[in-house]
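S.K.: So the chains spell out like this:
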Amino acid sequence: MAAGNDTASLDRMFHALADPQRRGMIDQLSRGAASVKALAAPYGMGLPSAVKHLKVLEDGGLVVSEKTGRVRTYRIRANALDRVEAWIAERKRQLEGQFDMLEAYLVAARDKQKNGGGQ
Amino acid sequence: MTEKHASFEIERLFPARPEQVFAAWSDPAIKASWSSCHTDTMEVEYGLDFRVGGSEHNRARRNGADAFIYEARFLDIVENTRIVYAYDMRVGTARVSVSLVTVSLAPSPTGTRMLYTEQAVLLDGHETSLEQRRLGTEEGFDRLAAVVEGKPVVWETKWQG
Chain A
5 MAAGNDTASL
15 DRMFHALADP
25 QRRGMIDQLS
35 RGAASVKALA
45 APYGMGLPSA
55 VKHLKVLEDG
65 GLVVSEKTGR
75 VRTYRIRANA
85 LDRVEAWIAE
95 RKRQLEGQFD
105 MLEAYLVAAR
115 DKQKNGGGQ
Chain B
0 MTEKHASFEI
10 ERLFPARPEQ
20 VFAAWSDPAI
30 KASWSSCHTD
40 TMEVEYGLDF
50 RVGGSEHNRA
60 RRNGADAFIY
70 EARFLDIVEN
80 TRIVYAYDMR
90 VGTARVSVSL
100 VTVSLAPSPT
110 GTRMLYTEQA
120 VLLDGHETSL
130 EQRRLGTEEG
140 FDRLAAVVEG
150 KPVVWETKWQ
160 G
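These protein sequence lines map, in sequence, to chains A and B. According to my numbering, the first sequence is numbered sequentially starting from 5. According to my numbering, the second sequence is numbered sequentially starting from 0.
Hints were generated in silico from the structure; no laboratory data involved. No false leads were slipped in.
What follows is a set of in silico ranges between Cβ atoms, one per label pair, in the way DEER data are often shown:
no., chain 1, residue 1, chain 2, residue 2, range
1, A, Ser34, B, Arg16, 41 to 47 Å
2, B, Thr116, A, Arg79, 32 to 38 Å
3, B, Arg61, A, Val55, 37 to 43 Å
4, B, Asn62, A, Lys59, 39 to 45 Å
5, B, Gly52, A, Thr77, 52 to 58 Å
6, B, Gly46, A, Lys118, 31 to 37 Å
7, B, Leu99, A, Ser53, 42 to 48 Å
8, B, Ser54, A, His19, 34 to 40 Å
9, B, Gly91, A, Gln117, 42 to 48 Å
10, A, Gly36, B, Arg16, 48 to 54 Å
11, A, Ser34, B, Ser103, 33 to 39 Å
12, A, Asp23, B, Gly46, 32 to 38 Å
13, B, Gly52, A, Asn119, 36 to 42 Å
Beta carbons are placed, not taken as given, at the ideal position from N, Cα and C, and that holds for glycine.
Please take these sequences and the hints and turn them into a complete structure.
M.R.: Following this line, the structure appears as structure tokens:
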């Protein structure tokens, strides 16, 4: 992948993706390049906050930016997410979500037995 | 036509005995409660026949047409210890992936250590379909957030695997 395969860059990429607003920005950028202002607008986000999020995405190797005059424009970095890596990342997130549900169920079942089962 | 291979593991520790974790995989009602998808915009059909040679399916339809289909077949089951199954995932009429999954359970000092290993073949580039990517990305976090915050879980997921 473009960001490199070492653990640190993977960590930065996953960290970058681990936020709904940043994923929203990626989604928006997948439809075309956009300015900081345009990226901040859907979330009612202040520009400094949007810049911070975009910096995280840039450090994660997911987006690149260029400045034209006073306007900084962001775009998706080509081939940022290797297809297979992306599939694994999605699949893991999905499974982690399911296993969180499983854990919640197991904890609830244990507490129920503790409180009501007389065992 | 392309085939790409991928393999990954997820390890989780649960505060419950291996029998209880195993039951959560083998009892249809419990399994559905944490893994099946529920949605207002699609009809979802779920079934689990937990035995070697038995199958599990999760079929989501939108307007009478198959939208997402997950089908699995159990290949090896050792009570409270191991489950091996193969599954495929289809989006519309395209088969996106075929995987072999091994779930192994072992007692740990705090309950159970579960190791989930998936070996997949990704077919013909369908794995990158944008819709699937969006669904896969949002789903886990939404559920996780609900669990962490103690809120009722909103099942907007369109498919499961």
